[in-house]
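Here the structure of chain A is known, so what remains is to put chains B, C and D with the ligands in place on it, guided by the hints.
Residue numbers (numbering that gives the first Met the number 0), protein chains in the order written: chain A, 0 to 317; chain B, 0 to 317; chain C, 0 to 634; chain D, 0 to 634.
The set of hints was computed from the structure by calculation and includes no laboratory data.
Note that the structure is predicted; figures quoted are calculated from it, not measured.
Capping the alpha-carbon separation at 30 angstroms, the derived lysine-lysine pairs in BS3-like fashion look like this: (1) C:K64 <-> A:K141; (2) D:K37 <-> D:K48; (3) C:K473 <-> B:K142; (4) D:K37 <-> D:K64; (5) B:K55 <-> C:K471; (6) D:K471 <-> A:K141; (7) D:K48 <-> D:K200.
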Amino acid sequence: MTFGLPSDWSLEVPERYFTLESYDGGVARWCPGCGDFAVLSAVQRICRDEQIPPEKLAVVSGIGCSSRFPHYVHGYGFHGLHGRALPVACGAKSRRPDLHLWVATGDGDCCSIGAGHWLHAARYNVDMVVMLFDNGIYGLTKKQTSPTTPVGYGTNTHPDGAWLPPLDPVQAMLGFTNTSFVARSVDWNPLHLYQTLRAAYHHDGTSFVHILQRCPTYTGDLFDELRGDPDRIELLTHPDGVPADEGVLRLYQNRREHDPADLAAAREQAARRDRLPIGLLYRNPDAPRYDQHTVEGLGMAPADKLQALERELDRFAI
Amino acid sequence: MTFGLPSDWSLEVPERYFTLESYDGGVARWCPGCGDFAVLSAVQRICRDEQIPPEKLAVVSGIGCSSRFPHYVHGYGFHGLHGRALPVACGAKSRRPDLHLWVATGDGDCCSIGAGHWLHAARYNVDMVVMLFDNGIYGLTKKQTSPTTPVGYGTNTHPDGAWLPPLDPVQAMLGFTNTSFVARSVDWNPLHLYQTLRAAYHHDGTSFVHILQRCPTYTGDLFDELRGDPDRIELLTHPDGVPADEGVLRLYQNRREHDPADLAAAREQAARRDRLPIGLLYRNPDAPRYDQHTVEGLGMAPADKLQALERELDRFAI
Amino acid sequence: MTVADTVAAGGPASAVPRESVTERIVEIVSDSGEGAQKAGQSFGTVCAKMGNGVWTVEIIPAEIKPPARSPAGASGIRVRFASRPVTNMGDQADLVVAFNEQVLYGRIASGAYRPGTVVLLESKWAEDGQEEIRRQYATAVAELRAQGLEVLELPMETACREVVPDPRVGKNMFVLGMLCQIFGRDLDKALAEVQAAFARKGEQVVATNRQLVRHGFAFAAARIPLAWDVPSMAGAEPLVVMNGNQAAGLGILAAGIEVVAMYPITPATSVSHYLGRAFARVGGHLHQAEDEIAAIGYAIGASWAGKTACTITSGPGLALKTEFLGFAVMAEIPLVVLVVQRGGPATGLPTKVEQGDLLASLFGQPGDAPKVVLAPATIEECFHFVVLARRLAEELRGPVLVLSDANLATGVSPFPRPRPDAAWLAPPIDQAAWPEGLLPYDWDATTGLSPRPVPGQRGGEHVVTGLAHTRKGKVAYDPHSNQEGCTMRSRKLASLAATLRPPQVYGTPEGELLVVGWGSTVGAIQEAVDRLRQEGHPVSSLHLRFLSPMEPGLEEIFSRFRQVLTVEINYSDAPDAPGIPPQTRRRAQLAQLLREQTLVDVDCVSSVPGQPLAPGGIADRLRHRLPTAEPGESA
Amino acid sequence: MTVADTVAAGGPASAVPRESVTERIVEIVSDSGEGAQKAGQSFGTVCAKMGNGVWTVEIIPAEIKPPARSPAGASGIRVRFASRPVTNMGDQADLVVAFNEQVLYGRIASGAYRPGTVVLLESKWAEDGQEEIRRQYATAVAELRAQGLEVLELPMETACREVVPDPRVGKNMFVLGMLCQIFGRDLDKALAEVQAAFARKGEQVVATNRQLVRHGFAFAAARIPLAWDVPSMAGAEPLVVMNGNQAAGLGILAAGIEVVAMYPITPATSVSHYLGRAFARVGGHLHQAEDEIAAIGYAIGASWAGKTACTITSGPGLALKTEFLGFAVMAEIPLVVLVVQRGGPATGLPTKVEQGDLLASLFGQPGDAPKVVLAPATIEECFHFVVLARRLAEELRGPVLVLSDANLATGVSPFPRPRPDAAWLAPPIDQAAWPEGLLPYDWDATTGLSPRPVPGQRGGEHVVTGLAHTRKGKVAYDPHSNQEGCTMRSRKLASLAATLRPPQVYGTPEGELLVVGWGSTVGAIQEAVDRLRQEGHPVSSLHLRFLSPMEPGLEEIFSRFRQVLTVEINYSDAPDAPGIPPQTRRRAQLAQLLREQTLVDVDCVSSVPGQPLAPGGIADRLRHRLPTAEPGESA
Ligand SMILES: Cc1ncc(C[n+]2csc(CCOP(=O)(O)OP(=O)(O)O)c2C)c(N)n1
Ligand SMILES: Cc1ncc(C[n+]2csc(CCOP(=O)(O)OP(=O)(O)O)c2C)c(N)n1
Ligand code: SF4
Ligand code: SF4
Ligand SMILES: [Mg+2]
Ligand SMILES: [Mg+2]
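Next up, chain A with everything else stripped away, as it sits in the complex (with noise of 0.2 angstroms):
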């Protein structure tokens, strides 16, 4: 067994520099065109510029096409079961700080089997990154109906269309209690994705991003419209927002100065029908963290707790 070698959480001998070759996991294996190599190559990187160790790096997903992002990844990769992303994730973190969490979730994964733990997640509120490929389909099963299938949008389980209004990730998170950071964001803007992750990645606590992915196979057309029309989209800009490059501000000409501390705002324009907000609708830097109460008693003295554990065996003695 590995287990009884001295522990080390400082081998950093000698100086490292890590490229984008550092966190390539091999060939990805999505589709053509799929909106998730966007995602992979945004937050690749990320972790380029931000040089985390790769060993530092833990990548956490449910099941689905998006849920195989781990494997693309170098570093620690947690594939698991469909749904069940958060609480592993939220484990994974209880008790390793150091760890550099990302999560790679589906609609149907996260909003669909995992909405409950998805709810208690924003609760916990642990210090990652949930990035939610919302594609308005089951992918990986090939063209069932999800939680974001618009209406009337065909599938394989409701060939005639959805009947049900398509659940809205951002306005159920906005509703959550002790959500702290909702942001949103399009795999065909390369530099919007970018900023929008890497601020999610700077934010302290469990930061949402809804991402509108392109799914050729199944959905090739349901983001035609955002994508052919740049006006039905609206810029959520702010200093303390998604910094926005040239590129997106030459794009995207509809903008609102949204200040992300303004709860009833952000609910207020994430209601909104006639465009699509992007950026970073919600933030609250000061939500508690769960993360930094599960630490408590990290790394414990074995000589102290044998101490401490004489005296429960006290408790008991007669």
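Same frame as chain A, now just chains B, C and D with the ligands:
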């Protein structure tokens, strides 16, 4: 087997009149002073006032003190699994539009283990009343932290006080997609409770009623402030809202005319921390109802089924 | 002149006499999206229409869209057809049409071909623009020949160009034509298939594809020196052709089930894809739930409030339904649970074949949860067992599990058209007044059976609960009530068992070796038994369809054989593995049940390749356990 | 003059000589909230301190606050103490103190008393204001006497009033005093207990309660003609006294586990109640998750990222963890799973005793999920098995299930104080660089064991997945990889089995009947065996602690007995039940495993009363299966 007997949907001879006793399921076994008693009698009174035939009464619950509810109502009861009342209720209603459906669920049952179903039940919006018994604790299992336990409140799993901010069910529901009715009442005001549940009963769709429920055994002091000082409560009034009796108006001097059609206003009210709004926060009578879709094809004649079946087989014939 | 030589030489079909054979296995392999599967299905249908027994199975790549020309990306179809009914995909292929050489590697790795298998290979790669591809192609052809495959390089795309600008769409129909010529199929039947397949896409498309079929037919006549005939079998009763998931879907319709609640999961999902289109036509309601727990909860709610509902899933979903299954047993709610097994444990092998959920189906629930477990052995039984399951669920007032698997789910084969009967349909919901004084759990002391009051029945008001309860449905924690409840629920299985007949032995009723199987392996096992018997080995087989309760008389049957072993597609420790003493050896799942029940030393031959079993493979693994046969017996 | 007569007559203790006996069973029963349990626990501790073996178990009503004076509402405690170690709650009580007569009915129904049991009954009801109550009381006393119970009516509350205004709070300590007098207990020890118990509540409260104890002592001396002595046993090694859930909690501390994730469920929750207070003191983190799936997911996440974590649950929660348990097996994540069994199936009997989760623990997962399953037999083992489980989970790189039950969870008994060892603690998380070229699943071909790279280890980067995978952790769907993975995971159990020794037979190594048990029944079974042997029956017993893999040598042990049967608290069809042919008889859970493994015709004596087994009850059920004993043997 009892099957195969002729079906008969209109057996109503002679005229029947139902009294409170008609809905009496036997001695309720809650602790003395438990708020559940008040809810039980309110529901029984509504059944009497609405003259619901007991055999058409379907009461579904999960597991918990509050989920013992069906046992104490004379009617058809489903005392199911912890957290799973809502999927069962939706299934029960799917082909039985004639049943009057009530769901009893606790803050743990609905908001913790049942959270995923809760969010999706809002989307389905089938016609039923969902009574969320919120005593801020796990009662049946003897005082463990629930999602709604206040920060710092001592429980058996958190003797030094709950750590996470308590989940706000009303704000959550107002963020869910397709929520069509959200109200709040308190067990210690029978008049308001009755009127609120009755309004819920008359709403077409899923009516969520957040009931602040006393648990003298484990959280006896939880609502002292609210009960001691009625001014901590703000009564929501509106022609489309919960009708307020004299007694209620006398007790609650703080009132606000709130239009339940206004979602933004509802979210604002729900977010307030100075006073607790009770009454109808939100109502959308036009939200699509899944149960209007699920009944399609109901009662198709056997002969027609066999014909259709032959046509199906033709598709595979060679 | 051998096939090898003629093929090597090439030349017209007329160069060889048309040889009559009893069966052939054909594959079409390609990159995904090249239409190989459509061509194969059409060819299979033509063969079925001409009176052959047919089994087609699709070859599916791991990813949704694998890169082109990758061995792992092999996509396509296998068609096995014969002069008798075909019940499985068989051993190695006789003929394969390949659109590129790389995909062949994937198939070879999974043992799909043998020396002598004829490969009709697209030859365009030889002149490809990329030097790399030209080299790959040359190497591959050499390697294939070295392995003894008979490779005939053909410019199929070039030929297609004479009909269509872009052969990528269309060459599949060209291949259909080729196969019709090679196997002397009735061209009109093929053209009719094309008509049907493309009707929706308009006259122009139909015309072009018919043209392609004719063209492929002519091309083969001129260029491919192969001519086989697989005579049809007697008997012209009306047939239907479909896969096991479609059959199960039709069974749901025929059973009069009105509510199916599911959550998508491979390989079960295609049942709901079928229902998504068809269910409404018979007035049914398909519910895609937010997860598997909600799906079974919804189905149980629907059953409770009215007609018996159904939920459909596979391994991981079955795991999530564990708690609710126990509830359905405890509260006695009728329910049909269709489990299309896949490779496990955990997410395992989502698209692959395994029979690994037997013990979980019987024993998954904490506490004692007796329930009925059935396993259809054929595509036809996928239909009829669902009809049966609905009835059993109501008569026994509880859940009935139907264990299908990925092999049945994806295999396509013809079977006699069912004759739906009004008696199969669920009766209307009983809303008559409930008999005065009759209790909600009026257990018959011997059978454990009891009638069920349905909401709406005046006087039947009661509460169902997952807690221990009395005949009145009242919660009770006393020793007697719990013992009685458990006993009554278990008694129901015994009362069903009493109605079952001993299973039929395939082969002679006594001998050296009895092979016991369950589920989709029946055809492969019986073919293996046939071969061994022809070699003179006294081998018979037994196939179980009821796993809980089991069919009676097994001890007596086993006693007539010197060896009894099960053949299963699930894990068992190899008997000769290092550090595996017999006492702690972990055996195949059915073998465990049989040993416990009969105390006979039932051995097992099992593995988890993720593939259906091939008759030849089974025969090989059994042969070395057998004494060498006396020649006499082979007659 | 018999006890009966003296008791009937009443009078001072001095009226009878102090009789020395080897054991006594005492109960205090009351409405809930009357402090009976506190009094009983204190009395038990006093007995333990005086060197007796002790087993106390609380009597818990179904509802949280049942109405007063209701038979179903019986709340209280049983204390069994003896001149030897006590391992179970025993048979019928010798003495019962009752605060009202109604609660006695509930106890009688569950067979707690026998003719001759002495009842010290509160007499105030005879003069109650309500005529109804007076009548109930009179009827009950008559009925109790008619059933042969020795009822002594005592004005306990009146007596208490001399010390406190409201006897409802306080009479429990008065009873403690009474019991000390009756059993000649050291009054100072009792007063010390009171001191400890009430210290927090201040001097005044302490003083009053000490006063009550003294008063009860005197009262008994003056009014109760009973005087017994239960001599202490030899050996004065330091002891601790606690219940099995506290022991398991301490085991978690002693194992160096730092993360426990759970969701509340009876009867497992009290472990987390203890951890809620104690865990932080050793630097641990208790996570109450949103549900059981999240709890095990959180624990698996914590294990994956660092130290082996633990999750705790009972039946319904175990059902929900089914899928994740399969994942832990597949991905090889160390995990400790503590299952405190209760009555099933479904919600079943939440507070009651059952051993019904054995098969679900072994076979619950779809696909093959080999895992270690242990069952502590005593409260002491609840502590040590958790320590063992953590080590096994790491060495075998997978989940280890520890099956406790409601009997161990609620029983309180002294055992030798453990001597915690630094070696028991989990080693610090290894963050050293991962050896160059070492694969993440470097399975040893024989043992299936492999070292595990932990996040943070440079060079060990890889992905864990629930899909079939290679030694590199790469997803693979090919036949070889899946077969190899399944084999390696199964091989791990064999390698553990190889290290196990055959279990020890209790009694002679051969004879007529061998009784096999597992879990919390060991004490009751061995007492039953003792009694039968005293009657001259050649009966022995065997107790299994490893259920997966099983301890070796069972066939050999079984071969030395004419009959082998299991005694279990789970369901089995009665052999003589109507319509239950032997082939389809559904047997007790361990019996099924033993039959499959040994092919010995292992029978079973099992039932689901929701109660712990009593030695007398077991002996009765075994006796009629035995030939009448030869007198000679009884020596
Ligand atoms: C418990 C369980 N249920 C169902 C499945 C089948 N399944 C795999 S992925 C998936 C949904 C994928 O959709 P989404 O989460 O949106 O991810 P995407 O493929 O679209 O990226 C489903 C239902 C499973 N693997 N496990
Ligand atoms: C699957 C499962 N997990 C846990 C439990 C134990 N349990 C029963 S009720 C309950 C929570 C009760 O709290 P709540 O839902 O708020 O209802 P209350 O008792 O407060 O009315 C729990 C955890 C269970 N019965 N089943
Ligand atoms: S199916 Fe859709 S989501 Fe999945 S890989 Fe292909 S394009 Fe991407
Ligand atoms: S514990 Fe609380 S919630 Fe439960 S019955 Fe008693 S008072 Fe009511
Ligand atoms: Mg998706
Ligand atoms: Mg509660």
